[in-house]
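Student: Given next are the chains, with one letter for each unit.
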Amino acid sequence: MQRRGFLKFALGGTVGLVASPAIWTTLYDLAYWTQNWGWIPRLQNGEDQSVATVSKLDGTPLKVRVNGGRVIRASGNKENEFSKGGLTPLAASEAQLLYCESRVKRPLKRGPDGGYAYIDWSEAERILKEKTKDAQGSLAFLTADASSSLNDVYSAFTAENGSQDFFFMPSDEQAANHAWRAMGGMGKIGYDIANSDCILSVGANFLDSWGTVAHNRAVFDETHPTDGSEAGQAIYYAGAMQNNTAAVADAWIPVKPGTEEIFLLGILGELAKNSLLVDPAISGLSAQYSPEAAAKACGCTAKQLENVVSALKNASRPLVFAGTAEGQSLGSGVHMLAIAINYMLGRINQDGGLVNLPEQAPLLPSAQSTADILERNFIAFCRQVADGSLAAPKLLFINDANPVYALSPNAKVQECFAKIAYKICFAAHWSETCAECDLVLPIAHGLERFDDVFTPYGSGSINWTLAKPVTEPHYQARPLGELIIALADELGLDLGVSDIPSLLEMRANALGADFQEYLESGATYQEANSAFTLPVISLMPLLTKKAPAKAPEFALHVYTNAAAGNPSTGIPPYANRAIADYQLQEGLCVAQMNKATAEKLGLADKTKAFVETQNGRMPVLVKLYEGIMPDTAAVMAGLGHTEFDRFSVNKGNNILQYTQIDMEAGSDLPVWSGAAKVVKG
Amino acid sequence: MAHFKDFTVRYGMVIDLDKCTGCGACMMSCQAENNVAPQEDASNKLRALNWLKVYRLSNGKEYPEHETVFLPRPCMQCGNPSCVTVCPVVATDKNEEGGIVSQVTPRCIGCRYCMASCPYHARYFNWFDPYWPGDLKEALSPDVSTRPRGVVEKCSFCHHRFMKAKDKAIANGEDPLMLPEEAYQTACTEACPNGAIVFGDLNNPEHRVYELKQSPYAFRLLERLGTDPQVYYLSKREWVRRLGDNYLEQEETGKPLQTLLNNSH
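The listed protein sequences derive, respectively, from chains A and B.
In terms of the numbering used here, the first sequence has 554 at position 554, counting the first letter as 1, and numbering is strictly consecutive.
In terms of the numbering used here, the second sequence has 42 at position 42, counting the first letter as 1, and numbering is strictly consecutive.
The set of hints was computed from the structure by calculation and includes no laboratory data.
Don't take each hint at face value.
[What the hints assert, rightly or not] Pairwise CB distance ranges (calculated):
no., chain 1, residue 1, chain 2, residue 2, range
1, A, 18, B, 246, 49 to 59 Å
2, A, 307, B, 238, 49 to 59 Å
3, A, 587, B, 216, 20 to 30 Å
4, A, 45, B, 172, 20 to 30 Å
5, A, 602, B, 107, 46 to 56 Å
6, B, 181, A, 29, 44 to 54 Å
7, B, 41, A, 45, 53 to 63 Å
Built from N, CA and C at the ideal position, the CB exists for glycine as well.
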């Protein structure tokens, strides 16, 4: 071989080897199989600490492990009498949510091109002050957390700015509060689940996602001994699907979505039959619904309905309540009927019954009471602003709520937003709503701030758990409460409080609790229900109640998976494994239906189809499941995010965007409609 | 039935299926406690890795006769583990007091024989590079090493907690093999808000599992394969117990395995 030939061969060989993947693959594999992997994280170790606090996501009391200043994980607090150490899947994700990629890290301002640019806090504070000043008398404030005492600061700030437009996100609590007040209840409606020996839950998945879940489940544990001895509490669950609560209930009574009122009327009628309590409101309304007629309309059998009534009658401390999956209010009618049933059973203001939780006066002079805030309707507000019947506020503050994702298009959130001159989102996580706002400010996560959980909806007594910072705020996040107090100072407004710990101390003093003791122990203050304030329950509102609408021919049942986060958190990093293959598969939301329904629709297991509603067609994968009523399809909410992080996006569609919201006649409260079709894909 | 090896201390679980609501708190706690790397998409269940998985069971009947139950499935820590006998590199073993089947990931060569031999699908191959994006690795527990792609993983009954509990007992001058029940609990047991999971030494009469495993409602999964699982389940529902093994029509559930075997001869 000549010199030139050798050089050509050597050069060609080198280029060939470098270009070929073989050498790199071999090196890569060598690194693996000799276990010289440099890409798995090395563990750090430091001093261990355990800090007691409470989850601001669902009110679960926590013990948080901190190691070398890093928050490692959230566990239940065994010393807490309210939860007995129980943990919910969402609260278990607190540490991962603290560090996840979706955290808003720095203030972001939207530019004229629609893109966001980082700004520093001094610039953000300048804008905040300027916009608030300009919006005097025209400020609206939306928050997702109805159980925080910090709402007193936010509502006082809104009021001091000359506006009463302080809103909570729509919820069951709003509808129940309306019903309770309309029927003569005072204060807050309470459900004494802990002391009841027989529970009928209509739609409320109370062992998974409704009310004070950790507490409810601690009660369930206590009343259902593992040693096989008799349970101390019977549970009846009425709903469209055999869900988490139904799986452990004594009986599941199938009730088609949209017929909950009819089911409750059937029970009311059956109870009224031999009752000494005769009320024209009840007899007039329930006369049309014999057990047979009600059962036929709901999809259950008359026998099932009669069995429930018999169990309620024979129990010494029965309790009946209604509810839905997150944010899917059914209006006030179901709650009124549930209250009427408890009344018929003599269960108002009794241990283990429906109880009147005394109203707590607001802590700050200009703050609004929770009950008054609950009377305000965010969906009605959005619709009115969108159609021009109400002047749009100049400025909207949003605290960790995600209405753009959670509310149906016919709530007209986007149209309302378009009319509001400036929108500021205070968020710990980047959400679909953040992407619609002009300024996004990073606020402290629940483990980074002082806050509290005060008598959350579903409680059976006045209770209070203090949240304290487990760590300093990460990134450039700031606690919203302190930010609003500082802003008020800048604007010369006197809210009547200097900082959040002082506000929380005011709450402790109002309850007669020792602030320092609860701060250190992480215990839940619970008030005994010994001295009930007796309300005079009036059944009069039932007289004006219209007959319930007929059930839709085919119904959509939207349910939640407690592990898969909520609209404000997105899907937590570890939660993807807890989303089952009957909830998400092949990138599609799964529509579960029973075999008879599928055959009727010409569908088979694992075939593609569309859920069709007034808001459009959503692709789904059909999965057969016999624990669901005929002519009903169940689809999980919480999927289809377009924002947050890699753990939340590219997962099916958001079913909430395909649901329909109607307004309940009389109360004007939102009612989620289950009318839908499933058609071949 | 003879054990693979006899132990003075044999940790196990009794899971009350009539109390499990399938919420997934156990799954979430398990991942956080054991540094199981998060997955962006776990919808392909053949590629998803779960040390503990909650299954939804059905009585197989059509609506309206249908019933549902949720079943959490950790590693069964079998008395006669079929995975141990097939491992060519002794990456998995059952050789320590406590009766926990170990999984030594630095030894594992990823051949997956153990996965094929495990009748409970309790073992998972790590298909992907473990990745905690952004600052998520800040939340890594200092107690459990992270594992690379290409190895098999499984539930260890939070073995690091067992080690800590034993160390503490020794430091206090107590017998590390006579730990009180509360001294060593797995993350999933602690997390379960319904108290559906009870954990302890199956050989210790002072631990609740000792009595509970003898309940007429207790059963084990695929018991007659002879794996001698250390995880027991409880259910008052006959159909649930029948799903636990391949029973003949005339066979009754809730009988000790030896009785069943004697009757069948």
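Student: A separate judgement is required for each hint: does it hold in the structure or not?
Tutor: Going down the list of hints, with the structure as the test:
Checking the proposed 49 to 59 Å range against residue 18 of chain A and residue 246 of chain B shows it holds: the Cβ atoms sit about 58 Å from each other. A beta carbon spacing of about 21 Å between residue 307 of chain A and residue 238 of chain B contradicts the range 49 to 59 Å that was offered as a hint. Between residue 587 of chain A and residue 216 of chain B, the C-beta spacing of about 46 Å breaks the proposed range 20 to 30 Å. About 22 Å separates the C-beta atoms of residue 45 of chain A and residue 172 of chain B, a value consistent with the hinted range of 20 to 30 Å.
Distance hint check: the CB atoms of residue 602 of chain A and residue 107 of chain B are about 54 Å apart, consistent with the given range 46 to 56 Å. With their beta carbons about 46 Å apart, residue 181 of chain B and residue 29 of chain A fall inside the hinted range of 44 to 54 Å. Residue 41 of chain B and residue 45 of chain A have their C-beta atoms about 32 Å apart, which leaves the hinted 53 to 63 Å range violated.
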